[in-house]
Amino acid sequence: MYLTQGAEAIVKQEEDIIIKERIQKRYRIKVLDDKIRKERTRAEARLISETRRLGIPTPIIYDIQNFKIEMEYIDGEPLKNVINPELSKRTGELTGLLHSGGIIHGDLTTSNLILKDGRIYFIDFGLAFIDRTIEAQGVDVHVLFQTFESTHEDHEKLINAFYDGYKQKYIHADKVLKRVKDIEKRGRYA
Amino acid sequence: MKTRILGIEGTAWNLSAAVVDEDDVISEVTETYQPDTGGIHPREASQHHAKYASTVIQKLLENIKSKGIDPKTLDAVAFSQGPGLGPCLRTVATASRMLSLTLDIPIIGVNHCIAHIEVGKWKTPAKDPVVLYVSGANSQVLAYRKGKYRVFGETLDVGIGNALDKFARSAGLNHPGGPRIEKHAKNFEKYVPLPYVVKGMDFSFSGLTTAAKDALENETMEDVCYSFQETAFAMMVEVTERALAHTGKNEVLLAGGVGANMRLREMLDIMCNDRGASFYVPEKRFMGDNGAMIAYLGLLMYRSGSITGLKDSHVDPNFRPDSVEVTWI
Numbered sequence: 001m002y003l004t005q006g007a008e009a010i011v012k013q014e015e016d017i018i019i020k021e022r023i024q025k026r027y028r029i030k031v032l033d034d035k036i037r038k039e040r041t042r043a044e045a046r047l048i049s050e051t052r053r054l055g056i057p058t059p060i061i062y063d064i065q066n067f068k069i070e071m072e073y074i075d076g077e078p079l080k081n082v083i084n085p086e087l088s089k090r091t092g093e094l095t096g097l098l099h100s101g102g103i104i105h106g107d108l109t110t111s112n113l114i115l116k117d118g119r120i121y122f123i124d125f126g127l128a129f130i131d132r133t134i135e136a137q138g139v140d141v142h143v144l145f146q147t148f149e150s151t152h153e154d155h156e157k158l159i160n161a162f163y164d165g166y167k168q169k170y171i172h173a174d175k176v177l178k179r180v181k182d183i184e185k186r187g188r189y190a
Numbered sequence: 001m002k003t004r005i006l007g008i009e010g011t012a013w014n015l016s017a018a019v020v021d022e023d024d025v026i027s028e029v030t031e032t033y034q035p036d037t038g039g040i041h042p043r044e045a046s047q048h049h050a051k052y053a054s055t056v057i058q059k060l061l062e063n064i065k066s067k068g069i070d071p072k073t074l075d076a077v078a079f080s081q082g083p084g085l086g087p088c089l090r091t092v093a094t095a096s097r098m099l100s101l102t103l104d105i106p107i108i109g110v111n112h113c114i115a116h117i118e119v120g121k122w123k124t125p126a127k128d129p130v131v132l133y134v135s136g137a138n139s140q141v142l143a144y145r146k147g148k149y150r151v152f153g154e155t156l157d158v159g160i161g162n163a164l165d166k167f168a169r170s171a172g173l174n175h176p177g178g179p180r181i182e183k184h185a186k187n188f189e190k191y192v193p194l195p196y197v198v199k200g201m202d203f204s205f206s207g208l209t210t211a212a213k214d215a216l217e218n219e220t221m222e223d224v225c226y227s228f229q230e231t232a233f234a235m236m237v238e239v240t241e242r243a244l245a246h247t248g249k250n251e252v253l254l255a256g257g258v259g260a261n262m263r264l265r266e267m268l269d270i271m272c273n274d275r276g277a278s279f280y281v282p283e284k285r286f287m288g289d290n291g292a293m294i295a296y297l298g299l300l301m302y303r304s305g306s307i308t309g310l311k312d313s314h315v316d317p318n319f320r321p322d323s324v325e326v327t328w329i
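Chains as they are written, first to last, in the numbering used here: chain A, 1 to 190; chain P, 1 to 329.
Be a bit skeptical, because a hint or two may be false.
[As the list claims (entries may be wrong)] Each computed BS3-like pair below joins lysine-lysine, with the alpha-carbon atoms no more than 25 Å apart:
no., chain 1, residue 1, chain 2, residue 2
1, P, K186, A, K175
2, A, K30, P, K186
3, A, K30, P, K213
If you're looking for bench data, these hints aren't it; they were derived computationally from the structure.
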C-alpha cells in the first residue's frame, strides 16, 4: 500500500513495517544521483536514531539498504486530529530537546507528529539535518506554527503552550521565538 | 491609447535602455561593459555606464522619433533600483531622474529580479510559474503567492554566475566563464565528485567552487567543468522541483543570463517532464540583463498605480524581490 509519494521518496506500508525509498532523479547523472540518495538515506536513518537517543520517541529502524529504510509503523493518531494545549506543550518540550541536541527536523508539521500510547512520536526525517543556528531552529518552529494556524482554530493557545514547553527544555528558546517573528515577516516558507 | 514606458537597466555589466508598450519592444539600445582582464570591476563598470548613458538614451529617443513617437508623450521612465552594484545603480538612477525632469514624466524604480520574471511571463505562455532565476549575482527560486513574489530558496553565498566565473578565472578561462565552461564540459570523460550542498530549500556554491579549483590539480579541465555543471545545476533543479511540489504549481520559468546554458535547460526540462509540468524559456535577448524588462515591469507598475516619485528614487543594492508589494497581478 502506498502512503505517500513526495518530491523525493515513496513510502509504502507492509503490515507494521514502513518502507521508504528515495526515487531516482533522471535530471541528475546516475553516479551523482546514486551518491546523493545513498547519503541521504543513511543520514536520515542516523538522525532518526540520534533523535531517539535524545529522549524523543521515533520509529525503530529495522534495516537500511541502498536507497531504502525499513522502520516501525507508528500506528497512532496524527496530532493534526487531536492537538490541544497540553499536547502542544509536550511537543514544545520534545522540540526543545531536539534543538538542544543540534538537530533540525526540517518538516515539523502536525502530520509528522503521531500520538500513540500517550507518547508523541516524531516521524519523517527526510529533510532533517544537523544545525545549531537560531535561524534553522526558528524556521523549524515557524513551520509548525503555520500548521497550527492553517488547520487549528485555537492556534494562539497552542502557540503559547508550545512556548511553555520549549522554554523548559531549551536554553535559547527566547532567541528562537524572536527569530520566528522575523521569519514570519519574510513570508518565505509560506 | 497604448502605454509607453522607457526603461533603463544598469545594475552590473550591461547598460541598456528600451521603450516598450503593452505588445512589444519598440526600440532597445545597449552598450555592454567588457573588462580587459578578470571580472566586473564595480567602479569601472559605473564609469562605463556614465560614459555611455547619454549616447544610449539619445540614440533610443532618435529611434522612437523615427517611428513617429514624440519622447514627450512617453508615460514614465523606469529604472533598475536594485539589487546590483552600488556605483552602477547610482549612475543609472541619476540618468533616469534627469530624464524624468527633462521630459516631465513620472519616475518608477523597479526591482531587477522581478523584471526578469515579468518579461519571461510576457514573452512565454507561462501564467503562474515557479521561477528559477540564475545570473551572476543572483540565484533564486521564486513564486507568486498572496501579493508578493516569495523566495522559496536561494544561494547562501555567491550567485551561480559568479561561482562559474570565479572557477573559470582560476582555470585560466576568460570572462564570462559560463559559456567556456559549458564548451569544455562537452568533452568530459568522467564525473569528479564535488560537494553537493542543499540545506533545506537553499543551496551554496562557494565550497563547490573551491573544491573544483583544487580538483584541477589532478583532473582534466573537461572533467572538472563537466562535474561543476552537473553538481551545481542539479542542486538548483532539486530546489525548483521541491518548490513545485510545495506550491502545487505546474509551470517552471527559467530567467537570467545563466539560463542560456543548454545543460541547465535540459535538466529542468527532464524534471518538468517527469512531473508533468510545463517548462518555459524566453528567447535569449530577454534572459540576460536588458532594458526591455525594466521598461515592461515599469509598464505593469504604471498601469496599476505604483509610481515611485523622485523623493523615493534612491537606489538599494540589496533590494529584495519579496519586499515588493505586487500591485499588478
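Quiz prompt | Structure versus earlier hints - violations, ascending order | solution = Of the numbered hints given earlier, the structure breaks just one, which is hint 1.
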